[in-house]
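2 protein chains.
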Amino acid sequence: MPLFHRVTILGPGLLGASLCMAVKERGIAEKVRVWARKESALDKCKQEKWCDETESNLTQAAKESGLVVLCTPVNNIEGTLAEVVGEATENTIITDVGSVKETICRIGHREAQPGQSTFIGSHPMAGSEKSGMEYARSDLFDQRTCMITPFKDDPVADVLKLENFWTELGMKVQQKSPEEHDKIVASVSHLPHLIASTLSEYLSHRPESWLQMSGQGLKDTSRIAEGDPFLWREIMKSNRDFLIQALDSWSDSVTIFKKMLDEEKWDKLEDFLARAKECRKKF
Amino acid sequence: MPLFHRVTILGPGLLGASLCMAVKERGIAEKVRVWARKESALDKCKQEKWCDETESNLTQAAKESGLVVLCTPVNNIEGTLAEVVGEATENTIITDVGSVKETICRIGHREAQPGQSTFIGSHPMAGSEKSGMEYARSDLFDQRTCMITPFKDDPVADVLKLENFWTELGMKVQQKSPEEHDKIVASVSHLPHLIASTLSEYLSHRPESWLQMSGQGLKDTSRIAEGDPFLWREIMKSNRDFLIQALDSWSDSVTIFKKMLDEEKWDKLEDFLARAKECRKKF
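Those sequence lines, one after another, are chains A and B.
Taking this note's numbering, the leading residue of the first sequence gets 311, the next gets one more, and so forth.
Taking this note's numbering, the leading residue of the second sequence gets 311, the next gets one more, and so forth.
Possibly wrong hints are sitting among the right ones.
The list treats identical chains as interchangeable, and a pair is accepted whether it falls inside one copy or across any two copies.
Unchecked claim - Calculated pairs, BS3-like style, for lysine-lysine (alpha carbon to alpha carbon, straight line, at most 25 angstroms):
(1) Lys529 <-> Lys568
(2) Lys354 <-> Lys592
(3) Lys493 <-> Lys575
(4) Lys493 <-> Lys482
(5) Lys592 <-> Lys529
(6) Lys493 <-> Lys569
(7) Lys547 <-> Lys575
(8) Lys373 <-> Lys471
(9) Lys578 <-> Lys440
(10) Lys568 <-> Lys334
(11) Lys568 <-> Lys578
(12) Lys493 <-> Lys529
(13) Lys440 <-> Lys529
(14) Lys529 <-> Lys591
(15) Lys568 <-> Lys547
(16) Lys462 <-> Lys578
(17) Lys334 <-> Lys482
(18) Lys529 <-> Lys356
(19) Lys529 <-> Lys482
(20) Lys591 <-> Lys373
(21) Lys547 <-> Lys569
(22) Lys482 <-> Lys354
(23) Lys575 <-> Lys482
Worth flagging that the hints you see were computed from the coordinates, not collected in a lab.
This structure is a prediction, so every number in the text was calculated from the model and none was measured.
This is chain A alone, in the form it adopts within the complex (with noise of 0.2 angstroms):
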């Protein structure tokens, strides 16, 4: 038996496509409804197979949902959220997929209404340097991480509900505080991002002959950079102050770093570089 009867999600982007193939490739929900702000993005939508139901309107979409998906951009996803949470009936799992945690699950879950609605975060580890529903595959989630972060009087059910959903796209999950979530996924993804801007920023004030240069290294190590600015600046807005801690303490590698060059320490970088490699072998 499928998991829910229906599942909608909103905002049809990369995320949310790939969401709705994989859901229904899966059987895990029998209908799969889709929500748009655009109703072009909508008529798309309506000529796919994994699209059952479409809805134009944000207050309907929620309805008669076992599970909603929020898969909006993440500038306008507190709005919408307010806005789903409070109208879900019928004991509605609401989630996200947004890659900060804290203030939405705050929102979130202070909008709830108990027998309701249950609103527990999701941050499904997948996604591209590109964007758009064209990019879309069922296979996204595959093999991937999932964090979801509930607070600790969340019903039972509904977060091994959630956690069933995920599991059933492929993913691995693992449950953290949305705090604790926001903390690491600073040092682990927003500050790599960080990293391969500033590397690809410092290029280009290089002269553009030296990029013919590069080899396979600087290609995998600044790849990210390529992600999309003004998502990637509302990231790092939501999640500033973990950030900043993050980018910090990796700064004092980089000094330690710069001290043995300047000093010739040379048994010590040695040391330092073995210490990374043995490091990235469990990444």
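Assemble chain B onto chain A, guided by the hints.
Quick look at chain B alone, frame taken from chain A:
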């Protein structure tokens, strides 16, 4: 007609053995000769189709070869070089595959015997975080960039012949002075390695459970930190001054980023990310 009668490869590691394979496959020389320090390595080579002759005596190995390529580890390349260049006869071109060029080119140029041998540095930008003959592949050089670093008074015919050699291996060849080369690779290769290593070393001080939450972004940004620590220590040691310069300039970009986060200058931060994205597209 093959470009050379005999090509001699000194040191059949990942690069050396891949060179042998590619030279043989593309018919660039009639004979491929291999020299290695260890008898056991030579025994292995004898069983390979890409090896026509082996020689355990270094000064003998260099004789009667149109081209000698030093692929020995960075740390003893200079001693090996002095020995080979002085002994070569019959208009031999000698080159190497090292990542840093100024010192080695100075020694090679000084030791060369006019009319008998010419040393011209090469830096094929191909490789892997793996090392050793067992990872060798004949397509390692295909479509990659190779820098050659002649001095102004090197015979034009020899420079051209070396350029043809790398081109016939499928590489895109660029000429730079040894100094220019070192300055550029400090930014496009050695700095990215330093950055990837500091990120990985920073994470080695964080809870190991955090690493389970890492996505493809972190994996790519840190991949090259898995390179051999001793090899990279030697590279950074040889190119210390230019690497410090690059590190300082890049640190300015990091400082600017930190300031924008501190002062919450989100529009400026988005511009920075956009500049980084634009530059990344050119890599």
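>> If you test the structure against every hint from before, which numbers come out violated?
In response: 2, 10, 16, 18, 20, 22, 23
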